[in-house]
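Q: Sequence:
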Amino acid sequence: MQSRDYEDVPLLRTITDIFGASIWFNAIVVLTHAASAPPDGSNGNPLGYEMFVTQRSHVVRQAIRQAAGDVRLMNPVSLVENHSACRMNRAGQRVLPNGQVWKPQLLLLSFASKILAEANMLLKLEDNPPGKPFGSRARVPALPFLVSSLLHSRPQLKLPEEQFGDDDTMDEDLVEASDSDDESDYDELPAFKHLMKSQLGKLSRAQKKAYFEELDYREKLFYKMQLKDEKKRRKLMKRMAEAAKDVPNDYNNEKLEDESSGPASVPAPMPDLALPTSFDSDNPSHRYRFLDSSSQWLVRPVMETQGWDHDVGYDGVNVERLLVVKDKIPISVSSQLTKDKKERSLQMELASSIKHAEGKATSLGLDMQSVGKDIMAYTLHGGTRCNNFRQNNTAAGLSVTLLGDSISAGLKIEDKLVINKRFRLLMSGGAMTGRGDVAYGGCLEATLRNKDYPIGQSLSTFSLSVIDWHGDLAIGCNVQSQLPLGRGINMIGHANLNNNGSGQIGIRLNSSEQLRIALLVLVPMLRNVKRMLFGSSQSM
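For the sequence shown, counting from 1, position 103 maps to 103 in the UniProt record's numbering; every step adds exactly one.
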């Protein structure tokens, strides 16, 4: 029976939990009523028999993969029909509409599965220990995935006062944009009158061009002036934070006592998040409320819009805090606990950094994440970063991952080269080993941006990644570009390709003025309507 809302997935998950995921490696999917007439397709014509069998097989296989959590599963499919009205051949065997005699086919699949299971036991390919033939498969971390996570560049954790620091600790985009060579002062420009839409319609094309050029120039100068003010404000905040350290401790203690003797701040309830439309009561008897208080612990609920029910709407909680030890070592704590009626998951991150000298720092972190029901994955990572030259930054790091009884360790080296304000180059390489297996990986990323970025929106990124595992090379290339097309129109294009010949190309246009761009969405819609009206079911 055909189902459109994946009603079989909970049942398949129950089978997986009780018998283990290994049961699906010995399972055959049987489609009954195989001699029934196929239903009508989306174009009103009856589906072909082979097309109908393919669609039903794909839906069932996809549900099994989702329940077992293994995309490698490809269960064989057998067709069965026991109705007395089914056509028979001269030997008295029931024959399906495709001419297949289904009983020998089902027996052949059963014998083949049995032989493969016995060969699997002889070759000791099963991951389950003796005495637990139906236990869950051991989840060994894939080394290519761990290598990709190892090569990911992690930002350095900073102290609160360093958030308002000098050029070395400030946001690089803000610094470079504010240190422009343009000496024009926005306040010294003559008065400028903004025209209404009706007034713009009376101008000629040359006058419109001159008007918009002048408007863009003034907006650019105004944005630069704002960035310079922000830079000055951050430097002032840093000086104030350094001056506060020189104040005697007795004054600080008296100030804290005076504040503690005063009335405590009253936590204020935050507004509830909007829940999707459902049949639940408008005033539920129980709902998690979160408060906005002066506590340094930031506690927020996590809402799941696709949960089992909407009675509460929240199935998790998120906790964050930034600690400072001895006024020198920042420690960041971030965790999220999610639990519904079926499963629970925990994600927790601990990060810290120690600054040795100017341009030299060491980072250390611990990541914890639940995998499955009773398995936790622990990743301990650390690294040291230093500035070799003015525009060169080198880092080296280690990573150790513990998942069940499997331990994987890796080493990486990263170098960031800033050639000028427009071009940056990031190179990283590393290796991951575990259970006698080794995987290698490397990444190259080049970024080219506008001279006045982020005022100018032009930005292009090219990245190339290579992973070597068991002698098999996985090469991936990714290109992304952001380019303004006139006033109020931005084009964002991305393309990726790997050595297997598969890839993706996407183009997106954003506009706040040219609403005609929205009409481009009609192209794929009209093409699909044309296929439905004039094309066949195979072409769809």
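Quick caveat, the hints were computed from the structure, so don't treat them as lab data.
Glycine included, C-beta positions come from ideal geometry on N, C-alpha and C.
Check each hint, because a few of them may be wrong.
Here are the in silico distance ranges between beta carbons for each label pair [said to hold, decoys possible]:
| no. | residue 1 | residue 2 | range |
| --- | --- | --- | --- |
| 1 | Val317 | Ile489 | 16 to 26 angstroms |
| 2 | Lys208 | Val521 | 24 to 34 angstroms |
| 3 | Ile354 | Ser113 | 49 to 59 angstroms |
| 4 | Leu195 | Val317 | 30 to 40 angstroms |
The list that follows gives simulated cross-link-like pairs (lysine-lysine, BS3-like), each with its CA atoms no further than 27 angstroms apart [what the hints assert, rightly or not]:
| no. | residue 1 | residue 2 |
| --- | --- | --- |
| 5 | Lys158 | Lys360 |
| 6 | Lys158 | Lys342 |
| 7 | Lys342 | Lys360 |
| 8 | Lys231 | Lys416 |
Q: For every hint, state whether the structure bears it out.
A: Hint by hint, here is what the structure shows:
About 42 angstroms separates the C-beta atoms of valine 317 and isoleucine 489, a value inconsistent with the hinted range of 16 to 26 angstroms. Hint check: lysine 208 to valine 521, Cβ distance near 28 angstroms, so the stated range 24 to 34 angstroms holds. At about 58 angstroms, the CB distance of isoleucine 354 to serine 113 agrees with the hint of 49 to 59 angstroms. In this structure the supplied range 30 to 40 angstroms is violated for leucine 195 paired with valine 317, their Cβ-Cβ distance being about 52 angstroms.
Our distance criterion of 27 angstroms between C-alpha atoms is met by lysine 158 and lysine 360, whose separation comes to about 13 angstroms. Only pairs whose Cα atoms come within 27 angstroms are accepted, and lysine 158 paired with lysine 342 is rejected, the gap being roughly 39 angstroms. With a CA separation close to 47 angstroms, the supplied pair lysine 342 and lysine 360 exceeds the 27 angstroms bound. Distance hint between lysine 231 and lysine 416 is fulfilled; the C-alpha atoms sit about 24 angstroms from each other, no more than 27 angstroms.
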